[in-house]
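Q: Each chain, written out:
Number of protein chains: 4
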Amino acid sequence: MESRNENWLAYTQEMIERNKFLKHIGFEFTELKPGHTKGKLVFQEFHEQQNGYLHGGMTSTILDMVCGYAAYSMVEQGHLVFTVESKCTYYNRGIGKEYFAEGFVDKPGKRFHFCEGLIYYFENDKKIIVAKCTTTMAVVN
Amino acid sequence: MESRNENWLAYTQEMIERNKFLKHIGFEFTELKPGHTKGKLVFQEFHEQQNGYLHGGMTSTILDMVCGYAAYSMVEQGHLVFTVESKCTYYNRGIGKEYFAEGFVDKPGKRFHFCEGLIYYFENDKKIIVAKCTTTMAVVN
Amino acid sequence: MESRNENWLAYTQEMIERNKFLKHIGFEFTELKPGHTKGKLVFQEFHEQQNGYLHGGMTSTILDMVCGYAAYSMVEQGHLVFTVESKCTYYNRGIGKEYFAEGFVDKPGKRFHFCEGLIYYFENDKKIIVAKCTTTMAVVN
Amino acid sequence: MESRNENWLAYTQEMIERNKFLKHIGFEFTELKPGHTKGKLVFQEFHEQQNGYLHGGMTSTILDMVCGYAAYSMVEQGHLVFTVESKCTYYNRGIGKEYFAEGFVDKPGKRFHFCEGLIYYFENDKKIIVAKCTTTMAVVN
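As you go down the protein sequences, you meet chains A, B, C and D in turn. Using this note's numbering, you'd call the opening residue of the first sequence number 1 and step up by one each time. Using this note's numbering, you'd call the opening residue of the second sequence number 1 and step up by one each time. Using this note's numbering, you'd call the opening residue of the third sequence number 1 and step up by one each time. Using this note's numbering, you'd call the opening residue of the fourth sequence number 1 and step up by one each time.
Just so you know, the hints here were simulated from the structure itself, not pulled from any lab data. Treat the hints with caution; some may be incorrect.
One copy or two, either will do: identical chains are not told apart, so a pair holds if it fits within one copy or between any two.
As a list, the in silico DSS-like pairs of lysine-lysine whose alpha-carbon atoms are at most 30 Å apart [stated by the list, open to error]: (1) K33 <-> K127; (2) K127 <-> K107; (3) K20 <-> K33; (4) K127 <-> K38; (5) K20 <-> K97; (6) K126 <-> K20; (7) K110 <-> K126; (8) K127 <-> K110; (9) K97 <-> K107; (10) K23 <-> K38; (11) K20 <-> K107; (12) K97 <-> K33; (13) K110 <-> K97; (14) K23 <-> K97; (15) K33 <-> K23; (16) K126 <-> K40; (17) K38 <-> K126; (18) K20 <-> K38; (19) K97 <-> K126.
Assemble the whole structure, with the sequences as input and the hints as a guide.
A: And the structure:
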């Protein structure tokens with residue numbers, strides 16, 4: 001996938017750097033490519049919902065970010081990305097110690113990027129998907 | 001709307017009390033009725049995304065909780081509620097100082113509660129909707 | 001709600017007139033206002049899915065149209081409307097003889113109209129909602 | 001993927017056979033496997049929306065069916081499948097002569113099957129995706 005911005009990496013990193021809520025929840029990006037991001041979360045007690053599992057809001061927040069920055073990596077320098085809408089489907093309870101998330105632009109465009117994301121953990125080498133999302137990202141200049 | 005649990009208020013409050021991520025982000029419930037919840041968020045710097053607006057993950061987290069506890073207020077004592085899926089649509093950028101959110105069970109059921117939620121702020125007396133959601137909550141015994 | 005097109009009624013009617021699939025399934029619009037449409041379906045045997053209920057595809061098609069033409073009634077003359085995405089939630093089985101549907105623009109905009117729709121029937125004067133949708137409509141000039 | 005029903009093929013075919021709206025729109029299933037279906041549509045004039053493209057309701061109807069019967073192929077004999085909710089995202093305008101659709105169970109379960117589907121056509125050997133869906137199917141006994 002090719003970015004509209006030759007300076008995409010620095011631009012995406014700058015946007016990530018400025019995201020304060022990302023830091024507040026402890027998520028980290030581990031890989032950035034044009035139209036594709038990966039990141040990691042080390043589970044902490046403050047991430048829990050009422051039953052001790054990963055909070056669904058943590059899940060949706062992470063999915064929003066992996067998709068959002070996948071979109072940012074594709075747009076022209078100075079253009080902004082906003083979430084129009086996102087649907088998250090919860091496949092399995094989040095009972096991992098470490099979570100991995102990926103987001104990608106499935107259908108790039110001038111006005112929208114249609115993105116997909118997923119978050120998972122490993123239970124003895126078996127990948128357990130916690131949730132998937134489909135998201136419309138608008139490009140604003 | 002009538003709850004299946006005559007002890008619904010204590011049960012819902014207990015579940016809210018146990019939610020650690022709710023505390024981590026600073027959201028507070030202000031009103032609980034069977035099938036309907038309201039809450040409030042005082043905006044803080046750590047809620048920001050890259051442009052200084054309310055992070056979309058904050059929005060989706062709050063919407064998940066107002067709907068989730070609206071569903072909890074309706075189920076039998078001891079039954080649990082899990083988010084099956086949720087779609088959030090973002091109507092306006094979040095640039096308020098205080099946010100208000102509401103969640104309600106739009107269609108109750110034995111196996112699912114179909115819920116809707118919204119989050120808004122006021123700009124001089126004018127209500128600005130930041131986002132709305134439609135959510136399927138599963139009831140598990 | 002005010003339309004950007006003073007000629008909105010003729011423009012919307014012309015678009016409805018040209019819609020061949022609408023005729024094929026037998027749906028009829030009964031009321032058009034800026035940003036709000038209503039219509040009616042008389043149930044016929046060919047609308048059935050495998051259990052004799054109204055087919056979910058009939059439901060989603062009708063919801064798409066009541067929302068789509070609600071959006072058409074708001075745009076400038078000559079502008080087109082396309083469905084970006086739509087989520088339908090199915091509240092009750094469709095076992096009516098006549099169905100009524102409504103679509104409205106919940107949040108108008110230049111580039112998108114966020115719409116909502118619902119379809120229902122009556123069981124002795126009681127309104128039974130079959131399904132609701134939330135839909136993003138893009139405006140293209 | 002393994003079905004809970006050793007008689008899954010006959011059961012799924014019987015359900016397809018009974019679907020009258022499927023016949024009314026001219027869709028045909030071409031391949032059935034446990035948890036995976038494929039089908040085909042030859043475009044006809046009555047499938048058109050107002051601009052001569054494939055109607056979005058046709059798209060959502062087909063996606064509902066490829067997912068629904070993928071779910072039917074997995075459930076126990078006599079159990080029924082109902083669509084809980086579905087989100088369709090429209091990637092490209094439908095301007096093909098023949099359309100191909102696929103549905104699959106992405107996450108099977110006892111109470112739900114989470115399904116995904118897509119519909120596409122070919123433009124000189126290039127696959128053009130018209131739309132994708134994510135759908136929650138409930139299993140009812």
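Q: Which hints from the list above does the structure break, by number from lowest to highest?
A: none
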